[in-house]
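S.K.: Sequence:
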Amino acid sequence: MDLEIRHLRAVCAIGDAGSLSRAATQLGISQPSLTTLLQRVERLVGGKLFERGRAGAEPTALGAQMLQRARLLLVELDAFGSDMVQRDGPSRLGSVHMECVGPLYTRLEQVLDDITLVVDPSSTGLALALANGHLDAAVIAVDEEGDLGLPRGVAQRVVVPWVPVFIALPAGHRLAGRPEVELADLAGESWVGPPGAEDGSLTALRAACRAAGFVPRIRFEMPSGAGRQLIAAGKAVQLVEPTSQGGPGVVVRPLAGAPLRMRLVFAWRRERLTWNQASRVFAEVLGAYAEQALASPVFRPWWQERGAALTASG
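All residue numbers for the sequence shown refer to the UniProt record's numbering, where the first residue is 1 and numbers rise by one.
The hints are simulated quantities; they were obtained by calculation from the structure and are not laboratory data.
These numbers come from a predicted model, not from an experiment.
Some hints here could point you the wrong way.
[Stated by the list, open to error] Simulated restraints, written as ranges between beta carbons of each label pair:
(1) Ala309 with Arg219: 21 to 27 Å
(2) Leu294 with Glu180: 34 to 40 Å
(3) Asn276 with Gly177: 31 to 37 Å
(4) Arg152 with Val215: 19 to 25 Å
(5) Leu73 with Ala187: 48 to 54 Å
(6) Gly213 with Thr60: 38 to 44 Å
(7) Gly172 with Gln65: 33 to 39 Å
(8) Ala283 with Leu62: 23 to 29 Å
(9) Glu291 with Gln68: 30 to 36 Å
Ideal Cβ placement from N, Cα and C applies to all residues, glycine included.
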């Protein structure tokens with residue numbers, strides 16, 4: 001038996017996810033099935049591709065060589081296949097709530113002839129909409145270590161491997177004048193719960209607070225952006241994406257040591273966007289985000305120091 005495309009996709013999924021369990025989730029198959037498939041591939045190539053341990057699955061020298069070649073082949077195959085597809089109707093793009101949504105839509109109008117934009121704070125909701133064909137593409141933010149579980153047929157590119165999550169405070173808060181805020185100093189605050197908590201964002205908040213020595217008091221649950229009035233009134237604090245510039249009565253500050261991080265990903269259905277279209281949309285997403293990062297007085301220093309290197313490596 002010869003190597004098949006599904007074998008290459010499985011090996012790349014393991015290499016990208018860093019574990020068989022996460023790769024199996026992304027591929028939509030059980031872990032035992034993926035283990036059997038990997039063993040079959042290893043027999044075909046004549047050697048072990050991954051060393052498995054408590055830290056996950058690390059590619060061997062042979063595995064690294066196969067990953068490099070397989071990724072190149074799959075990129076060419078995906079580009080060929082997507083460019084052959086006929087598309088009808090407007091392109092539906094989803095996005096998490098970000099400060100750059102407005103400028104992004106303006107940019108996308110120059111790339112796609114007909115586009116509808118759907119803003120949803122839930123990355124899980126966006127991923128499901130992609131999987132079900134209700135969206136053609138989406139900009140998704142997920143916890144740095146989180147899995148999107150995107151099905152076969154949905155491609156993805158990392159916009160930024162990680163950015164820190166910031167905190168929004170009342171302008172009159174005792175910590176508002178500091179250049180950065182220690183998470184432990186927020187132990188007594190009332191919190192607006194993060195939107196899309198099923199994505200793991202609430203779990204990540206609780207884990208970070210637990211590491212800082214306290215349990216956060218989640219007093220308010222509301223859509224993304226709706227907590228600003230409560231914050232301005234001095235009633236709450238809230239995690240925000242780092243390009244957020246706050247508003248009247250609200251200041252945004254970095255959290256010392258970046259205890260919470262998120263990854264920004266662009267994903268699309270291969271049968272709805274060609275490779276060239278996806279590449280152009282990806283460039284506009286990155287451009288809009290970078291532009292917003294540079295416009296933020298608080299986030300600009302971080303972006304200028306790390307942003308270019310991260311986006312180049314991602």
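S.K.: Decide, hint by hint, whether the structure agrees.
M.R.: Against the structure, the hints come out as follows:
1. Ala309 with Arg219: 21 to 27 Å: 39 Å, violated
2. Leu294 with Glu180: 34 to 40 Å: Since leucine 294 and glutamate 180 have Cβ atoms about 19 Å apart, the given range 34 to 40 Å is violated.
3. Asn276 with Gly177: 31 to 37 Å: 49 Å, violated
4. Arg152 with Val215: 19 to 25 Å: 40 Å, violated
5. Leu73 with Ala187: 48 to 54 Å: Between leucine 73 and alanine 187, where Cβ atoms are some 52 Å apart, the hint holds.
6. Gly213 with Thr60: 38 to 44 Å: Because 41 Å falls inside the window, the suggested range holds.
7. Gly172 with Gln65: 33 to 39 Å: Given about 59 Å between the Cβ atoms, the range is violated.
8. Ala283 with Leu62: 23 to 29 Å: 34 Å, violated
9. Glu291 with Gln68: 30 to 36 Å: At roughly 33 Å between Cβ atoms, glutamine 68 and glutamate 291 fall inside 30 to 36 Å, so the hint holds.
Hint compliance for this structure: hints 1, 2, 3, 4, 7 and 8 are broken, all remaining hints hold.
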